[in-house]
Each structure stands twice: as structure tokens, then as C-alpha cells.
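Chains as they are written, first to last, in this note's numbering: chain R, 1 to 139; chain D, 1001 to 1284; chain Y, 2001 to 2135.
I should point out that these hints are in silico values taken from the structure, not numbers from a laboratory.
Treat the hints loosely; a few may be bogus.
[What the hints assert, rightly or not] Taking CB as the label site, the calculated pair distances span:
| hint | chain 1 | residue 1 | chain 2 | residue 2 | range |
| --- | --- | --- | --- | --- | --- |
| 1 | Y | ASP2002 | D | ALA1179 | 24 to 34 Å |
| 2 | D | THR1049 | R | VAL137 | 48 to 58 Å |
| 3 | R | HIS74 | D | MET1146 | 38 to 48 Å |
| 4 | R | VAL137 | Y | GLY2070 | 49 to 59 Å |
| 5 | Y | GLN2027 | D | ILE1002 | 29 to 39 Å |
| 6 | R | SER134 | Y | ASN2069 | 57 to 67 Å |
| 7 | D | ILE1139 | R | VAL137 | 36 to 46 Å |
| 8 | Y | GLY2016 | D | LEU1267 | 14 to 24 Å |
| 9 | D | THR1049 | Y | PRO2097 | 52 to 62 Å |
| 10 | D | ALA1035 | Y | PRO2097 | 40 to 50 Å |
| 11 | R | GLY26 | D | THR1260 | 29 to 39 Å |
| 12 | R | SER134 | Y | ASP2025 | 46 to 56 Å |
[What the hints assert, rightly or not] Example chain Y residues on the side facing chain D (calculated, C-beta under 7 Å, incomplete):
| hint | residue |
| --- | --- |
| 13 | TYR2003 |
| 14 | ASN2005 |
| 15 | LEU2007 |
| 16 | ILE2029 |
| 17 | LYS2035 |
| 18 | THR2036 |
| 19 | CYS2045 |
| 20 | TRP2049 |
We put the beta carbon where it would ideally sit given N, CA and C, even for glycine.
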Amino acid sequence: MGVEFEPKIVAFMCNWCTYAGADNAGVARMESPSNVLPIRVMCSGRISPEMVMRAFRAGADGVLVMGCHIGDCHYSTGNHRSVKRMPLLRNLLATVGVNPERLELTWVSAAEAPRFVQVTHSFTDKIRSLGPLSQEVAE
Amino acid sequence: MIDEIRKIVAERLNETDDKGARLDGMVALRRTGPAVAPHVFVAGDDLSTLEINPRYPLMTVVSRLHKRLPDIRLGVVARGCDERAYVEMAKRNQIDPERLVILGFACTAEEALECYCAEPFPKNLVVGTPAAPGPQNPIVAKYDTMTLAERRAFWKQQFVKCIKCYGCRNICPECFCEACAMEDKAWVEPGFLAPPFPAFHLIRAMHMASRCIACRQCEHTCPAHIPLTVLYDLMRRDMEALLGYVPGADLAALPPLSVTLEQTPLLLGDAHDPATIPLAPIGR
Amino acid sequence: MDYKNTLTTCIYCGCGCQMNIETLDGQIIGVWPSKTQEISQGKLCIKGWNVTSFSDHADRLTTPLIRKNGELVEASWDEALTLMAERLGAIKTESGPDSVAFLASAKCTNEENYLFNKLARAVFNTNNIDHCARL
Chain R
1 MGVEFEPKIV AFMCNWCTYA GADNAGVARM ESPSNVLPIR VMCSGRISPE
51 MVMRAFRAGA DGVLVMGCHI GDCHYSTGNH RSVKRMPLLR NLLATVGVNP
101 ERLELTWVSA AEAPRFVQVT HSFTDKIRSL GPLSQEVAE
Chain D
1001 MIDEIRKIVA ERLNETDDKG ARLDGMVALR RTGPAVAPHV FVAGDDLSTL
1051 EINPRYPLMT VVSRLHKRLP DIRLGVVARG CDERAYVEMA KRNQIDPERL
1101 VILGFACTAE EALECYCAEP FPKNLVVGTP AAPGPQNPIV AKYDTMTLAE
1151 RRAFWKQQFV KCIKCYGCRN ICPECFCEAC AMEDKAWVEP GFLAPPFPAF
1201 HLIRAMHMAS RCIACRQCEH TCPAHIPLTV LYDLMRRDME ALLGYVPGAD
1251 LAALPPLSVT LEQTPLLLGD AHDPATIPLA PIGR
Chain Y
2001 MDYKNTLTTC IYCGCGCQMN IETLDGQIIG VWPSKTQEIS QGKLCIKGWN
2051 VTSFSDHADR LTTPLIRKNG ELVEASWDEA LTLMAERLGA IKTESGPDSV
2101 AFLASAKCTN EENYLFNKLA RAVFNTNNID HCARL
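Isolated chain R (complex conformation) (with noise of 0.2 Å):
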């Protein structure tokens, strides 16, 4: 009551690029929202569907999948998969009757720090305003 609700967000990282730009931002202190619990994987193109469900059903209001650019994957074409998978998984959530904007997939490099920041501040006051997960599917 008069609580305001925090969205809990899960952000997967990948190893080369967004980790790096994440800790580049901490390094330059540069403030990004608590509510991001980052997983660092070795890249964008291991998050299985799976993971992210998983992510939801754990309790995140929203998750986030960044990597390196296209063309800048550690393993060339990784990012490639994720592109093309977790579009498709916001198609599946529309279908379900899930906002799919409770998923974003972006790309975030190691020299990107404010970009980094900004994705997180902006994604966070999204998921905010759409507020909690569990209250949509509980509808």
C-alpha cells in the first residue's frame, strides 16, 4: 500500500561486449538501475527460450538479452542466433497474451558505457510502467 512497484529485471550479458560495457560503466561510475540482475553467459546466442522462461517464472518482470553488434562476435556468427530466436519468442509471448515488451534483445559493446546505462534506465522504467508480471498472468 503506497509501495511503489520496482520491477525485478534479469539482463543477460554476454562475456565479450556487454559485460564489459556494463563494468566500463561501473568503472566510470556511472549509475545504472539495482533492479538489473545481470548473468553473464559467453554470448547473446546461448540464451535458449528456455532461459528466458525460466527468467519469467523465477519472478522477473522483464528480461533483457544483450550482446555484441553484428559483426562483432567473439564467435562470429553467435549474435546471429539470437536475432533471429528471441524475436520469434516475442511472437510466442504476443501469441500466449504475454506483453512482449517484457523481452528486449539490443546490442551493447564493451566501449558502449552510456549506452549500457541508458538501455538499462529506460528498459527498467518500461517494465515500470507496465508493471508486474505476475499480476498480467495472474489476470
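Let chain R serve as the given structure and place chains D and Y on it in line with the hints.
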């Protein structure tokens, strides 16, 4: 039609190819008393017991035999959906195209209607005349007009019926993984009935996106009457819009989720900026 | 190549769903629900789909076992049945019929279970009989 199929099967079983080799058997359905089940007919068998109904995923039988008997050469009496199943299975090394001859026959217009089948005939059509495609599933047809809340309500009401028999997976010709994500405790928590939303059904739907050939076997075998193919039809539609891939259509087409953007590019939006990739079809 | 589908009825409960056990050269390779049977209409539950999983399971007992000096030892049916008749008879004489209980298997046929029930009630004069159908 059935007499013609029996006649052609008998001919094929007795035929020798230019190297003098014969087919080792013909996969089809056999009637025994009131029961019909998959069977492998060999030369000299009584073919008056060969049947074409009810539909079983016969390509699974072919696959099981191909894997266990590395030299066996088979024929199969196939419908359009069987042939599409073959395409996706052969692509994933579950069937050896070199050791299979497809004897295709066309489904009746009534069957096409019943299955909402877009292509009720195989490309290797040997018997019958192609019937007109069946209509789209009415739920799929009106799906875009449903709000997120209506969709959610619809699927919750369906998924709650699930008794987690895994029949949808077991009967599916395209489900052949040795380790199934739906049996992995990390993704589907044990001890919940119905399985908790959304994991179980959505995992299968995602895995079916580049495989489902719309044979409707899963829906027919579901003891809870969950309209699974509505979900998979919508996945197929999104897959086609986003990546231009139609499972079962082309043996040479690469499964887009397993290959690079150079091999199968995104048809909507710009991969360099995933925010530009719209939901498919646009506006949904 | 000896490929067969053998029509049978699920052993797990009283519904009577039918399935075809798919075998290749005597080895079970799959289960197909029977689509021609009116009861199950091509549908099975998880137990039916996995009905063959125990058939060649390493833990499956294929001979009777008798505990000798604290160890379970494989025995012949004659030996096991003789021992049971002797011991159960002695226990009944010593402590009365209600000192013995009978537990039947749901995986036996109705007829076998009927006979088992007769053995308990008519031969041993006890009503202590139950079954394991609590899977």
C-alpha cells in the same frame, strides 16, 4: 483409391532397380481384425490388409528402422503431411533419403477440411488427385483481433487441462531429440500438474517453430483436447513472416534458427538494431 | 527384419486403453496408441506412453528371490512356492489366519487377482487383502 495403392505397392515390392536391388519393405498401415497399426509389408505379403486410415506418423517408423538397420531400403505410403515430415527429418539426419522411396497419395477434400490442411497432397504424388486446401483454423483466422488479455485467458483455460502425458511430443514426427528440454528439471519443474505457465507448452512451441509441418498428430493424441496446432500454426506464421521459412516445403532450405544471417536473413527489421524488428505480422 | 506392432491393453489402470507395442527383431522400439480402439481413441496418458519402460529394466525381477542368511538369493519357482506354502501354513496354524496379509498387483489380470482373492479368503480365511493400485 485404396485398391490402386495396394496394386502399386505390390508392383514396387517386386520391382528391381537398375542395379538389381529390391526394396526391403514398404511402410504402411495394416488391418488386423478391427485394429490398424503401422506395418512393414514385404514382397509376397497379403496386401488386401493394407490401409491408409487412421493417420499414423509413418516417417517415425521409417526413421526408427533407418537408424537401426543401416542398409535397409524402404518404401513408404505417404500423405502430404508424411512427406513434409520426411523433409524436416531428412534435413536433420533422421531419415536417409537415399534409402527411401515415397509413394504419395492425395488426401480427400474432407480430410483436408478436417485437418485445416494447406497442402493435402505430397509432391511425390502417385495416386489420387489433389484436393483443394482446407480452410485456416477459425481460431487462427480471428487471432489478430484478440487482445493480449483475451489470448491469455484462452490459453490459460487450455493449458490448465494438460495432464503432462508428453503425448504431443511422443507422437510428433519432428520430436526426436535424445535429451528433451521438456524433461529437464531446469526448465520444467517436476511435481506440477498442469505444468506451470508458461514453460512446458512454450518450450515445445519454440522448438516447433522451424519444424512443425502441421500434421495435427499432437492435437489428435492430446487426451486433454488442447488445440495445440493453433499455437503451432501461429508460430509457423511468425516464422514465415520473420524468416521466410516454411517447414516441410523444401529439403534444401536451411533451418533458419541454426544458421547465420548470411544464410537466412531476417525479412523484417534490421538485425543491427533489434528494436526495429516488428512483431510478425506487423502490428500484431 | 522382423517389424511388428502387437496390440495390447495398458496394464496400469482399469480404463483399458489400447496400444501397439512396436518391436524390431524382438526388441521393443516404441509404443503407438491405438487409433482404432473406441476407449482410448489414439490417446494415452504418461503411464501408457511409458508402459514398456520396465520391460527390459535392469531392476526388473525375473526369478523369485529367497532371503537366505540375510541375503536375497535367486531361486526356482518350485522352491519359492514350496517355501511359501510351508511358512504361511505354519504361521496360520501358529498365530491364526489374520496374522497373514495378502497384497495383490494391479499389473496382474482380473482373473489372477480373483484367484488371489480366493486364496486369501477361502484358503487362508482372512480378509486381509489389498492391492497396489496406488501408482
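Against the structure, the hints:
1. With their beta carbons about 30 Å apart, ASP2002 (chain Y) and ALA1179 (chain D) fall inside the hinted range of 24 to 34 Å.
2. Checked against the given bound of 48 to 58 Å, the beta carbons of THR1049 (chain D) and VAL137 (chain R), roughly 51 Å apart, stay inside it.
3. A beta carbon spacing of about 41 Å between HIS74 (chain R) and MET1146 (chain D) agrees with the range 38 to 48 Å that was offered as a hint.
4. For the pair VAL137 (chain R) and GLY2070 (chain Y), the beta carbons lie near 56 Å from each other, so the given range of 49 to 59 Å is met.
5. At about 32 Å, the beta-carbon gap between GLN2027 (chain Y) and ILE1002 (chain D) stays in the expected band of 29 to 39 Å.
6. In this structure the supplied range 57 to 67 Å holds for SER134 (chain R) paired with ASN2069 (chain Y), their Cβ-Cβ distance being about 60 Å.
7. Taking 36 to 46 Å as the suggested C-beta distance range, the pair ILE1139 (chain D) and VAL137 (chain R) does not conform, at roughly 21 Å.
8. Between GLY2016 (chain Y) and LEU1267 (chain D) the Cβ separation comes to about 51 Å, which falls outside the hinted range of 14 to 24 Å.
9. The beta-carbon spacing between THR1049 (chain D) and PRO2097 (chain Y), approximately 55 Å, falls within the hinted interval of 52 to 62 Å.
10. ALA1035 (chain D) and PRO2097 (chain Y) have their C-beta atoms about 45 Å apart, which keeps the hinted 40 to 50 Å range intact.
11. The beta-carbon spacing between GLY26 (chain R) and THR1260 (chain D), approximately 33 Å, falls within the hinted interval of 29 to 39 Å.
12. Hint check: SER134 (chain R) to ASP2025 (chain Y), Cβ distance near 53 Å, so the stated range 46 to 56 Å holds.
13. Because the smallest distance between the Cβ of TYR2003 (chain Y) and any Cβ of chain D comes to about 4 Å, under 7 Å, the interface hint for this residue holds.
14. The criterion of a C-beta within 7 Å of any C-beta in chain D is met by ASN2005 (chain Y), whose closest approach is roughly 4 Å, and the hint holds.
15. A cut of 7 Å between beta carbons decides the hint on LEU2007 (chain Y): the least distance to chain D is about 5 Å, and the hint holds.
16. The restraint placing ILE2029 (chain Y) at the interface with chain D holds, with a minimum CB-CB distance near 5 Å, inside the 7 Å limit.
17. With a least beta-carbon distance of about 4 Å to chain D, the hint placing LYS2035 (chain Y) at the interface is held under the 7 Å criterion.
18. At a threshold of 7 Å, the smallest CB-CB gap from THR2036 (chain Y) to chain D is about 5 Å, leaving the interface hint in force.
19. Interface restraint check: CYS2045 (chain Y) against chain D, minimum CB-CB distance 5 Å, threshold 7 Å, status holds.
20. This hint holds: TRP2049 (chain Y) has a C-beta 5 Å from the nearest C-beta of chain D, less than the 7 Å allowed.
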